[in-house]
Amino acid sequence: MTGAISAELLKLRKSWSTWILGGVLVLGLFLLGYLLIYLLVQNPPPGDAGAQRGIAALKQTLLPANVVPNVLVFLAGLGGPIALVIGALNSAREYSLRTITAVLTQRPSRLGLLGAKTVALAIVLVIMAVACFAVGVLGSLLVAALDGTPGSLPSFADLAKGAAASWLILGAWAALGFALGMVLRSTGLAIGLGLVYALVIETVIGALSFALSAFETVSRGLLGRNGSALAESFGQLNVGGGQGGAPINAPATAALVLAAYVIGSLVVAAILFIRRDVT
Amino acid sequence: MPDSPALETHDLSKHYGRLVALDRLNLTVRPGEIYGLIGPNGAGKTTFLRLVLGLARPTGGAVRILGEHAGTPAGLARIGSVVETPAFYPYLSGFDNMRVLAAYAGVRNDRIGPALERVGLAERARDKVSGYSLGMRQRLGLAGAYLKDPELYLLDEPTNGLDPHGIAAMRDVIRELAQNGKTVLLSSHLLAEVEQVCDRIGVIHHGKLLLEESVGEVRGSGRLLVRATPLAEAAAIAERLSSVDRVEQHDGALRVDIDPGRAAELNRELVNAGIDVSELRSVARTLEEVFLQLTGEPATAEVTE
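Sequence order for the protein chains is A and B. All residue numbers for the first sequence refer to this note's numbering, where the first residue is 1 and numbers rise by one. All residue numbers for the second sequence refer to this note's numbering, where the first residue is 1 and numbers rise by one.
Certain hints may be false.
Taking CB as the label site, the calculated pair distances span [said to hold, decoys possible]:
#1 133(B) / 19(A): 20 to 30 Å
#2 120(B) / 26(A): 51 to 61 Å
#3 256(A) / 120(B): 38 to 48 Å
#4 18(B) / 164(A): 46 to 56 Å
#5 19(A) / 216(B): 54 to 64 Å
One-sided and incomplete, this derived list gives chain A residues near chain B with beta-carbon spacing under 10 Å [claimed, not checked]:
#6 16
#7 28
#8 53
#9 149
#10 152
#11 278
In short, the hints are calculated from the structure, not lab data. Treat the numbers as computed from the prediction; the structure is a model and nothing was measured. Backbone N, C-alpha and C fix where the C-beta goes; we use that ideal spot for every residue, glycine too.
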């Protein structure tokens, strides 16, 4: 399987989409998670005392001590859909380009190919998670230096735990995208439906869960909300100064739900990939 | 030469709902031969290759390929294939596409250069495949098949998109493969192409194998050219013979479908009836004629090439 893994890594490394999506993730974190907030903090809009307290709290999120929750909250939000697109591209593009025939007639078994794709995707997501934390650390140190605020970074163990959590969050989204790609065998359809789930269905069910208890139960199983719950377990960024709302699940439960998404998605993808004819 | 077939199918069937794509196909490809699988578009040729390569699963029957079941890694490692128009990663160069295929196949990268040289793509190897013509992609597909130095080549319409020089070169490549002891299964609807390179052919139509014989047998069997006077009377006598399948008048002569071993019988009947027979000889039929007779339709418009 090592040959198939190196083939998958070569394809991912040479694909512009990997670099663009990875770049959007890392640059997005720097711009939205640090630069824009820093500019906002430095040039606060006029407002009442509550607003000023919110601005001050926002500033705290930029400091090195808060790098883990700040990066995780960003990844649980914008990172999820990006990982979903990467996962969908990884599987569905073989069908859209019709390269799946060439690949499967070389040698690998279907399960071997699926395993190689999964491993390669996992490696790329590790790199992205680490890159995001590196950017987070640099961004927070830069803010601390510009602000003249002394600040210390979390321990390496906390950073590693944060990176592992972000990998799980990205992995769950990527696995969902991967499964959608296998099910639909169309890049556009897989990405489209995945984004509809991420941006519309999650939001609608999340909103309804405040009013209807049935939806609250459903929302406990949503991918995005469990990602947020896991992210918030590393420290809530209560920038509004009000009630942030309790996480939907306990951290361990949220991690289990995310792991279930990974396993469930891969099992569905494997069953379909092994049983269906290549068309 | 080993006795076991390179490829053998037993009652191989594939149904898509109510559509029967392949109907109990029994086909044998012998080691070292060039086997032509011919049939019109939609006859089931590509479906057959997909089943053989394990890309699709049969509804019934079985495939043995190089002694393995279809689609097993052990079998695929010994098969080189070009199925339909080869597809590649457009964002990768020709060389990188070969690196990907080599990695999947578990072969060393040092085989890539010679494979690209062999198909004449070495100079364009660093260009992205998105800029390749259809013919270049076809040649790159063949280079991908070379990588494994396989025992068996499955080539599906390998001359698609090639110019006349490319078609001639492909013909040479196929012959060279056979000379080197490789087995080739060539699927095509271009009958002239098959006729020129293949040792044996199988004719497939509506998912059924209608004929499987050597090209020589197919062309040479069963047709006599008879020049006789009066021609109409000779035709009537020939038609009355039970051993004659069909009689056609063409260019002042008769073409009689009959076992050539019965030529003397036909000659005797004609002479006994007072017909002057000036010429009676066996004639080779073109593959096109055989194909038309079997299927009742041309393979494609290109059938007359």
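Evaluated hints:
Range check, residue 133(B) to residue 19(A): about 28 Å between beta-carbon atoms, so the 20 to 30 Å window is met. The given range of 51 to 61 Å is broken by residue 120(B) and residue 26(A), whose C-beta atoms sit roughly 43 Å from each other. Against the hinted window of 38 to 48 Å, the Cβ-Cβ separation of residue 256(A) and residue 120(B) comes to about 57 Å, which falls outside the hint. Between residue 18(B) and residue 164(A) the Cβ separation comes to about 52 Å, which falls inside the hinted range of 46 to 56 Å.
Separation of residue 19(A) from residue 216(B) is about 58 Å and conforms to the stated range, judged on CB atoms against 54 to 64 Å. The closest approach between the C-beta of residue 16(A) and any C-beta of chain B is roughly 6 Å, which is under the 10 Å cut-off, so the hint is satisfied. Annotation: interface hint on residue 28(A) violated; nearest CB of chain B at approximately 23 Å, more than 10 Å. With 10 Å as the threshold, the beta carbon of residue 53(A) stays out of range of chain B, its nearest partner Cβ sitting at about 50 Å, so the hint is violated.
A least Cβ separation of about 45 Å between residue 149(A) and chain B goes past the 10 Å threshold, and the interface hint is therefore violated. With a least beta-carbon distance of about 44 Å to chain B, the hint placing residue 152(A) at the interface is violated under the 10 Å criterion. Here the hint on residue 278(A) is kept, as its CB sits about 4 Å from the closest CB of chain B, short of 10 Å.
Against the hints set out earlier in the document, violations occur for numbers 2, 3, 7, 8, 9, 10.
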